[in-house]
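Student: With the hints as constraints, model all of the structure from the sequences given.
Numbering follows numbering that gives the first Met the number 0, with no gaps: position 226 of the sequence shown is 225.
Hints in this document: simulated from the structure, not taken from any laboratory. Keep in mind the model is a prediction, meaning the values are calculated, not measured. Any given hint might turn out to be false.
Quick list of simulated restraints, FRET-style, between CB atoms [to be verified]:
#1 R245 - A68: 13 to 23 Å
#2 S85 - T257: 31 to 41 Å
#3 R9 - R245: 22 to 32 Å
#4 G57 - D112: 41 to 51 Å
#5 S157 - E27: 18 to 28 Å
#6 A71 - N113: 48 to 58 Å
#7 P272 - E27: 16 to 26 Å
#8 S110 - R170: 19 to 29 Å
#9 G142 - G57: 39 to 49 Å
#10 E27 - G270: 15 to 25 Å
Derived DSSO-like pairs: lysine-lysine, alpha-carbon spacing no greater than 27 Å straight-line [claimed, not checked]:
#11 K88 - K238
#12 K238 - K98
#13 K88 - K98
Think of the CB as a built atom: it goes at the ideal place given N, C-alpha and C, for glycine as much as any other residue.
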Amino acid sequence: MPLFPAEVARLEEPRGVADLTHAADISEPILGGVMARSAPGVWTNHALGLCMDQPADGRSLDHLVGFYADHAIEPRVEVCPMADESLLKGLASRGFVLKGFESVLARALESGDNISALVPPPGGLSFDPIDPADDAALREYCGLIYRAFFPAEHPGPSDADMGAMLRFIRRPGTIAVRAIIEGRFIGGGSVTVSGPVASLAGAAVIEPFRRRGVQQHLLAHRLRLASRAGARIATIGSKPGVATERNVLRMGFTMAYTRAILVRPGEGLVGEPG
Numbered sequence: 000m001p002l003f004p005a006e007v008a009r010l011e012e013p014r015g016v017a018d019l020t021h022a023a024d025i026s027e028p029i030l031g032g033v034m035a036r037s038a039p040g041v042w043t044n045h046a047l048g049l050c051m052d053q054p055a056d057g058r059s060l061d062h063l064v065g066f067y068a069d070h071a072i073e074p075r076v077e078v079c080p081m082a083d084e085s086l087l088k089g090l091a092s093r094g095f096v097l098k099g100f101e102s103v104l105a106r107a108l109e110s111g112d113n114i115s116a117l118v119p120p121p122g123g124l125s126f127d128p129i130d131p132a133d134d135a136a137l138r139e140y141c142g143l144i145y146r147a148f149f150p151a152e153h154p155g156p157s158d159a160d161m162g163a164m165l166r167f168i169r170r171p172g173t174i175a176v177r178a179i180i181e182g183r184f185i186g187g188g189s190v191t192v193s194g195p196v197a198s199l200a201g202a203a204v205i206e207p208f209r210r211r212g213v214q215q216h217l218l219a220h221r222l223r224l225a226s227r228a229g230a231r232i233a234t235i236g237s238k239p240g241v242a243t244e245r246n247v248l249r250m251g252f253t254m255a256y257t258r259a260i261l262v263r264p265g266e267g268l269v270g271e272p273g
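Tutor: In structure tokens form, the structure reads like this:
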């Protein structure tokens, strides 16, 4: 089944809006999407899904700037290329600049698909879904996934970081999966099924278990979970050109579209990581 970028965006942008709304401390609908924030420096501090079906207006964009800047947070908007062109014009006129891009990749899921990794699994690899009622297990999972994305000297997740991650993986339809080798918790990732769309997120593996095929088997496992849950499209976000992008392209994903990340820098404002 061919996946057309505009069709993927019509499913993926609302899905992202719903996820962000669940994860953030505070969120408000705006211009058909959402603006969300938690404490300064937390990954939920951005706006998403704006102007997919309506033009931007100055009053709304001014409100967006204040929503972040009044709380010492750098305003950040992730813009879908299918958004109304007035959004980019309005942001540019308010001092927003391009910070980077995020690739949105997608693949079709068919009932009965034989989804397998392309490399043999490392010995003793298994996957274990976490009970969403098990607070200790969820916190252990969040801590490991968070630390896997940062250097060893990083202090680890703050209370605000942990809160956002816990809200995200407790969302209905989300399954957090631990990767285990010979009884040791060595990585994991999540999948959220919302209607026909399954979103894969937060996959990480700790050293020294990287480059052994764990990520690919974790991806295949979550795709099977999504297919069994009735999803017909799987999506994943990635920085362009990184290992995540290469892994998912090998597993049948294609590039659907690229979001532009725009920020409005200012003295004393804390940006979102990445």
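Student: Decide, hint by hint, whether the structure agrees.
Tutor: Going through the hints against the structure:
In this structure the supplied range 13 to 23 Å is violated for R245 paired with A68, their Cβ-Cβ distance being about 37 Å. Between S85 and T257 the C-beta distance comes to about 20 Å, which lies outside the given range of 31 to 41 Å. Distance hint check for R9 and R245: the Cβ-Cβ separation is about 27 Å, which falls inside the suggested range of 22 to 32 Å. For G57 paired with D112, a C-beta distance near 47 Å keeps the hint of 41 to 51 Å intact.
The hint said 18 to 28 Å for the Cβ distance between S157 and E27, and at roughly 23 Å that hint holds. For A71 and N113, the Cβ-Cβ distance of about 50 Å falls inside the hinted range of 48 to 58 Å, so the restraint holds. For P272 and E27, the hinted distance range of 16 to 26 Å is satisfied, since their beta carbons lie about 22 Å from each other. A C-beta distance of roughly 24 Å is found between S110 and R170, which places it inside the suggested range of 19 to 29 Å.
Here the CB-CB span from G142 to G57 is close to 43 Å, well matched to the stated 39 to 49 Å. For E27 and G270, the Cβ-Cβ distance of about 20 Å falls inside the hinted range of 15 to 25 Å, so the restraint holds. Among the hinted pairs, K88 with K238 is consistent with the structure: their alpha-carbon atoms are about 24 Å apart, no more than 27 Å. A C-alpha spacing of about 12 Å is found between K238 and K98, which places the hinted pair at or below 27 Å, so the restraint holds.
Between K88 and K98, the direct Cα distance comes to roughly 16 Å. Compliance with the 27 Å bound is thereby established for this hinted pair.
Violation of the numbered hints given earlier is confined to hints 1 and 2; the remaining hints are satisfied by the structure.
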